[in-house]
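Participant: Assemble chain B onto chain A, guided by the hints.
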Amino acid sequence: MNPRRLPVGERFRRFRDRLGAAGTTGAPSGAAPGAASAPGDGPPTAPGATGGSVGGAPTAPGADARTASGGRDGEGRGRRRRGRGGEELAVPPAEFRSYYGRPILKPPVWTWEIAAYLFTGGLAAGSSLLAAGAQLTGRPALRRAGRLTALAGVTASGVLLVMDLGRPERFHHMLRVAKPTSPMSVGTWILTAYGPAAGLAAVAEVAPLLPERGPLGLARRMLPPLGRAAGLAAAGIAPALGTYTAVLLSDTAVPSWHGAYPDLPLVFAGSALASGAGMGLIAVPPTQAGPARRLAVAGAGLELVGAHRVQTRLGLVAEPYRIGRAGRLLRAGRALTVVGVAGALLGARSRVVSAFSGAALLAASVATRFGIFHAGVASARDPRYTVLPQRERLQRRADEQDR
Amino acid sequence: MVDPESRSGSPVAFDPATAAGWVDAPPRMGFFTDTSVCIGCKACEVACKEWNGVPSSGLDLLGMSYDNTGALTANSWRHVAFVEQPRPSGDDDSPGGGSAVASSSGAPVEFLGMPGAAPPGRTGSAHGRSDFRWLMMSDVCKHCTRAGCLDVCPTGALFRTEFGTVVVQEDICNGCGYCVSACPYGVIDRRAGDGRAWKCTLCYDRIGVGMTPACAQACPTESIQYGPLDELRDRAAARVATLHERGVPEARLYGHDPSDGVGGDGAFFLLLDEPEVYGLPPDPQVPTRDLPRMWRRAGVAALAMAAGAVVAFLGGRR
Chain A
1 MNPRRLPVGE RFRRFRDRLG AAGTTGAPSG AAPGAASAPG DGPPTAPGAT
51 GGSVGGAPTA PGADARTASG GRDGEGRGRR RRGRGGEELA VPPAEFRSYY
101 GRPILKPPVW TWEIAAYLFT GGLAAGSSLL AAGAQLTGRP ALRRAGRLTA
151 LAGVTASGVL LVMDLGRPER FHHMLRVAKP TSPMSVGTWI LTAYGPAAGL
201 AAVAEVAPLL PERGPLGLAR RMLPPLGRAA GLAAAGIAPA LGTYTAVLLS
251 DTAVPSWHGA YPDLPLVFAG SALASGAGMG LIAVPPTQAG PARRLAVAGA
301 GLELVGAHRV QTRLGLVAEP YRIGRAGRLL RAGRALTVVG VAGALLGARS
351 RVVSAFSGAA LLAASVATRF GIFHAGVASA RDPRYTVLPQ RERLQRRADE
401 QDR
Chain B
1 MVDPESRSGS PVAFDPATAA GWVDAPPRMG FFTDTSVCIG CKACEVACKE
51 WNGVPSSGLD LLGMSYDNTG ALTANSWRHV AFVEQPRPSG DDDSPGGGSA
101 VASSSGAPVE FLGMPGAAPP GRTGSAHGRS DFRWLMMSDV CKHCTRAGCL
151 DVCPTGALFR TEFGTVVVQE DICNGCGYCV SACPYGVIDR RAGDGRAWKC
201 TLCYDRIGVG MTPACAQACP TESIQYGPLD ELRDRAAARV ATLHERGVPE
251 ARLYGHDPSD GVGGDGAFFL LLDEPEVYGL PPDPQVPTRD LPRMWRRAGV
301 AALAMAAGAV VAFLGGRR
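The listed protein sequences derive, respectively, from chains A and B.
As numbered in full-length UniProt numbering, residues 1 to 403 make up the first sequence, in order.
As numbered in full-length UniProt numbering, residues 1 to 318 make up the second sequence, in order.
So here's chain A without its partners, still in its complex pose (with noise of 0.2 Å):
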């Protein structure tokens, strides 16, 4: 059986006991076969009729019908009162028909790897930036900790996209293509030119710990201006690829990832340089962390509006980043970036509070991109985010014509 198909058995166990507690029925209301008869058993429906013209409307919604308020959604409207945030509710609760409320959309099948890879690709990109900035501006310890991240990051975001493949034997097939109307492409050649380019500077830095004779002399000596060059190339793709990401996540009809397609680029980048600063932080003696510091300051900034424009200007499908897992991570995010931020610029002579900023920093980065994703995937469990707008659109353009 398809492990992602919905619960509808409990939906309908759930309508079931809606009628017998409605008293239809003198039946039990654990016993399904007597919830068979109940039709039977019962005076006849008469279809209040309510409303709408016999004619070319639509029928009145049937037991396929759907409204905002009903089951599932008392939890997550619960949630939303308790909200921290007070964010009053947009949108208010429309009624809509589904197919036994089920999802429109295949909700995504990429796992936690995706959301994952979010976060180390763009730690690896925030890296690069700092270490050639680090590269150029003489400070060699940053520019270390900026490579070796780098390559961390893009290693272990190779590993994580080969690992959520149906098929990871086959990841090479990605490379027979290039196609531009794929983000997926596109960032599969992105990372291909920054791979090892970041591989490279970031094997050059141990060229002081090779011999001074011999073949690996020769090394040691080529070494640290080919990890000059690379180290510039990797910063020169760096912010293709921590960008990139966000229009891979919104080139969907994911409802909530796809309405955020103007602000998500934004969110993304300002993530990737908070979590490669915060890094920096760790890495870095607070005395020569100062570039760090600002550019912690500088992806925070970005950040957060992005992400406040993301919850607030998207209508309904902003609605899955306020509320459930998606609401918690974002809401954290939030959290831990404001702290992160305030750690490095006011314990900026402190060793310990430095590296906790730097810690709070790259744990805001992955709070943010999980949140990111969940509120992707439950936008695209749930009709009402698909139907609603949709309608929306429908009025808006049969508003337009008769104008």
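Careful, some of the hints might be misleading.
[To be verified] Label-pair restraints from in silico Cβ distances:
(1) B:Gly53 <-> A:Thr312: 43 to 51 Å
(2) A:Arg313 <-> B:Ser56: 44 to 52 Å
(3) B:Arg296 <-> A:Pro168: 28 to 36 Å
(4) A:Ala193 <-> B:Pro27: 37 to 45 Å
(5) B:Pro27 <-> A:Asp402: 48 to 56 Å
(6) A:Gly315 <-> B:Arg293: 52 to 60 Å
(7) B:Arg296 <-> A:Ala219: 39 to 47 Å
(8) A:Val159 <-> B:Pro292: 44 to 52 Å
(9) A:Val159 <-> B:Asp24: 40 to 48 Å
(10) B:Val46 <-> A:Gln395: 38 to 46 Å
(11) B:Arg296 <-> A:Gln401: 26 to 34 Å
Just so you know, these hints were derived from the structure itself, not from any lab.
C-beta: ideal position from N, C-alpha, C; glycine also.
Facilitator: Chain B only, in chain A's frame:
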């Protein structure tokens, strides 16, 4: 990039096969599924599984009328939807219908029970008969003119055939799952245990040798009609006109319009209610429609990212 919308006004219809590079492509083929004559026999589901060797999805009783398939999945390339609807008929409003339960929207919901041998609503006395209708619809991949799955496939496993249909090459697909999220209809799906994406091929192997796809061949009421898309569109328009004449004003076409968000479907439908009642999106749009704008926004963000780094290093002494 070819934009079919810009051509929708032109007399020559946009042909996706030609746009994909086929020379002298045969006419675009498709399905017209007329749900007004569907009897819910599921012969299409069975024929599809038989011909295409689609694995079973196991016994899963869903409690959704006679529908135990649930949705189009990697293992169900045709899906017959069953909708049971009470119809508000003006003269029949006997007060306080006992078996009607006010749903949260205030509209009465009639419980028809588990499927039995007798037609629902006829199990009691004559007085107990209710006025309801049963909608059945055989859903299938829409083979969009602008197909999201095809656009985003990073391996080239999905391709446009000379018949204008969209097919997955199983020896290329590496199961990245991008097509699953990109389909505005929720059709294509990754098969658990297999790891690759699967969907209707419009029986590419059969139509290539002039045969009819298995589901259309098996359909006993010609609810599923296969043929050149232009011909099917004419036939569908005539059918809707006939139904309107006969007093079925709710009959409407879905997916027939080349100017809609996916450039029109290769497999379109005649429906008797709103699309969402059948589990179809009311106004689907191909996600790549906004892609140029997305890349622009990402470019701006990338510049902001680079600028942030520059400022971080130039902005202070230490």
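Participant: Decide, hint by hint, whether the structure agrees.
Facilitator: Each hint, compared with the structure:
| no. | hint | verdict |
| --- | --- | --- |
| 1 | B:Gly53 <-> A:Thr312: 43 to 51 Å | 50 Å, holds |
| 2 | A:Arg313 <-> B:Ser56: 44 to 52 Å | 46 Å, holds |
| 3 | B:Arg296 <-> A:Pro168: 28 to 36 Å | 33 Å, holds |
| 4 | A:Ala193 <-> B:Pro27: 37 to 45 Å | 43 Å, holds |
| 5 | B:Pro27 <-> A:Asp402: 48 to 56 Å | 37 Å, violated |
| 6 | A:Gly315 <-> B:Arg293: 52 to 60 Å | 18 Å, violated |
| 7 | B:Arg296 <-> A:Ala219: 39 to 47 Å | 43 Å, holds |
| 8 | A:Val159 <-> B:Pro292: 44 to 52 Å | 32 Å, violated |
| 9 | A:Val159 <-> B:Asp24: 40 to 48 Å | 46 Å, holds |
| 10 | B:Val46 <-> A:Gln395: 38 to 46 Å | 40 Å, holds |
| 11 | B:Arg296 <-> A:Gln401: 26 to 34 Å | 29 Å, holds |
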